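If you read the sequences in order, they're chains A and B.
According to my numbering, the residues represented by the first sequence are 1 to 190, in order.
According to my numbering, the residues represented by the second sequence are 1 to 190, in order.
To be clear, the hints were calculated from the coordinates, so they are not data collected in a lab.
Each hint should be verified, as a subset may be incorrect.
Identical chains share a label here; the pair holds if one copy fits it or two copies do between them.
[To be verified] Simulated crosslink set (BS3-like; lysine-lysine; CA at most 27 Å straight-line):
#	residue 1	residue 2
1	94	75
2	190	112
3	190	147
4	190	94
5	153	4
6	153	28
7	153	23
8	153	190
9	111	139
10	94	4
Source: prediction; values computed, not measured.
2 protein chains.
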Amino acid sequence: MTRKGILFVISGPSGVGKGTICKRLLAKMPDVYLSISATTRPPRSGELHGRDYYFLSRADFEHMINNNEFLEYAKVYNNYYGTPAAFVQDHLEKGNDVLLEIDIQGAMQIKKNFPEGVFIFIQPPSVDDLESRLNLRGKDSPESIQKRLSTCKWEMDQYIHYDYVIVNDDLQEAVRLLEAIILAERCRVK
Amino acid sequence: MTRKGILFVISGPSGVGKGTICKRLLAKMPDVYLSISATTRPPRSGELHGRDYYFLSRADFEHMINNNEFLEYAKVYNNYYGTPAAFVQDHLEKGNDVLLEIDIQGAMQIKKNFPEGVFIFIQPPSVDDLESRLNLRGKDSPESIQKRLSTCKWEMDQYIHYDYVIVNDDLQEAVRLLEAIILAERCRVK
Numbered sequence: 001m002t003r004k005g006i007l008f009v010i011s012g013p014s015g016v017g018k019g020t021i022c023k024r025l026l027a028k029m030p031d032v033y034l035s036i037s038a039t040t041r042p043p044r045s046g047e048l049h050g051r052d053y054y055f056l057s058r059a060d061f062e063h064m065i066n067n068n069e070f071l072e073y074a075k076v077y078n079n080y081y082g083t084p085a086a087f088v089q090d091h092l093e094k095g096n097d098v099l100l101e102i103d104i105q106g107a108m109q110i111k112k113n114f115p116e117g118v119f120i121f122i123q124p125p126s127v128d129d130l131e132s133r134l135n136l137r138g139k140d141s142p143e144s145i146q147k148r149l150s151t152c153k154w155e156m157d158q159y160i161h162y163d164y165v166i167v168n169d170d171l172q173e174a175v176r177l178l179e180a181i182i183l184a185e186r187c188r189v190k
Numbered sequence: 001m002t003r004k005g006i007l008f009v010i011s012g013p014s015g016v017g018k019g020t021i022c023k024r025l026l027a028k029m030p031d032v033y034l035s036i037s038a039t040t041r042p043p044r045s046g047e048l049h050g051r052d053y054y055f056l057s058r059a060d061f062e063h064m065i066n067n068n069e070f071l072e073y074a075k076v077y078n079n080y081y082g083t084p085a086a087f088v089q090d091h092l093e094k095g096n097d098v099l100l101e102i103d104i105q106g107a108m109q110i111k112k113n114f115p116e117g118v119f120i121f122i123q124p125p126s127v128d129d130l131e132s133r134l135n136l137r138g139k140d141s142p143e144s145i146q147k148r149l150s151t152c153k154w155e156m157d158q159y160i161h162y163d164y165v166i167v168n169d170d171l172q173e174a175v176r177l178l179e180a181i182i183l184a185e186r187c188r189v190k
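Can you build the whole structure from these sequences, using the hints too?
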């Protein structure tokens with residue numbers, strides 16, 4: 001009997017560094033698979049269908065919405081983004097663990113559709129720290145940073161809906177904790 | 001606000017190697033404290049009160065039983081053995097995690113008295129493997145081994161009452177998994 005895989009959903013405030021943590025984790029644990037999103041936006045230079053995204057037509061995407069084929073989806077400006085359930089389910093059936101990086105709203109949609117997932121919240125050491133990270137990106141205006149910070153204060157309280165919290169004050173330590181959570185969950189008695 | 005410590009209860013069939021796993025874990029994680037048992041048996045050469053055991057008189061031990069001062073206790077032949085609650089509680093209050101190695105019966109008593117503990121079951125790769133381990137000790141008769149094996153088959157099914165199972169087919173890997181469970185539990189949202 002093959003063990004079923006586990007879905008690990010990684011979320012947290014924007015700018016918290018969850019993308020970097022996931023990338024490092026995947027380098028350390030090659031037996032964990034990253035969930036690939038679908039989108040209707042056109043591919044950018046260097047992006048590959050089936051690696052970076054599944055690039056779909058609007059008609060195909062809406063067809064999948066109507067068939068409940070997404071664990072979550074959202075419309076951002078004029079494009080759809082979503083997590084196809086089939087990719088995740090196929091891997092879980094094969095006994096592979098799947099890592100899914102997503103914003104807080106998306107994570108909450110997934111929790112409704114797939115409550116057996118393991119939900120991990122990445123938290124900045126403090127709101128101040130997050131502010132300096134957003135500034136560091138150098139591509140946001142002060143007004144946009146202020147708006148995002150107030151969203152963030154709300155977002156930081158959302159950890160309560162998650163199974164685990166990792167405070168990202170040291171990247172290496174955060175990756176070590178994420179790895180520990182994956183190893184521990186594999187030992188859990190269901 | 002100091003975080004409260006976590007009690008990790010390590011149990012499993014006799015001969016499975018849980019003592020060795022705990023020893024190695026403590027060497028890797030000096031911020032985890034090993035629970036010290038109390039007993040009425042006399043100290044053996046080299047054993048120290050407060051390090052190896054709390055060596056108590058029968059009257060003191062029975063007084064503590066009557067005051068519900070044990071997380072669990074048992075009478076083996078003519079001596080008492082027990083886990084004083086105060087040692088564990090004091091450390092947890094200070095925010096220290098405590099490791100407690102105990103047989104299956106003892107673990108189930110602790111679960112009744114302290115359900116907020118994290119219960120970890122160490123499992124041999126197979127009953128055959130356990131048999132060879134018991135033989136390797138070289139100090140048990142074939143009859144005694146047979147009797148212990150049939151107990152063991154029952155014991156191996158008891159994992160169902162635990163939070164985690166670690167299969168001990170490789171000592172280093174088993175220690176790594178125990179460490180992962182401790183790190184992960186520290187990240188859990190209560």
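Going down the list of hints, with the structure as the test:
1. Taking the shortest alpha-carbon separations for residue 94 and residue 75, neither the intra-copy value of 31 Å nor the inter-copy value of 48 Å comes in at or below 27 Å.
2. Taking the closest pair of Cα atoms, residue 190 and residue 112 come within 27 Å of each other both inside a single copy (19 Å) and across two copies (20 Å).
3. Taking the shortest Cα distances, residue 190 and residue 147 never come within 27 Å of each other, neither inside one copy (42 Å) nor across copies (30 Å).
4. In this assembly of identical chains, residue 190 and residue 94 lie within 27 Å of each other by CA distance solely inside one copy; the values are 18 Å within and 31 Å between copies.
5. In this assembly of identical chains, residue 153 and residue 4 lie within 27 Å of each other by CA distance solely across copies; the values are 25 Å between and 36 Å within a copy.
6. Taking CA atoms no more than 27 Å apart as the test, residue 153 paired with residue 28 passes in neither setting, with 32 Å inside one copy and 37 Å between copies.
7. Taking identical chains as interchangeable, the C-alpha atoms of residue 153 and residue 23 lie at most 27 Å apart only when both belong to the same chain, with a minimum of 26 Å there against 43 Å between chains.
8. Proximity of residue 153 and residue 190 under a CA criterion of 27 Å is satisfied inter-copy only: 21 Å between copies versus 34 Å inside one chain copy.
9. Proximity of residue 111 and residue 139 under a CA criterion of 27 Å is satisfied in neither setting, with 32 Å inside one chain copy and 54 Å between copies.
10. Taking the shortest Cα distances, residue 94 and residue 4 sit within 27 Å of each other inside one copy (7 Å), while across copies they are farther apart (39 Å).
Consistency with the previously given hints fails for numbers 1, 3, 6, 9, ordered from lowest to highest.
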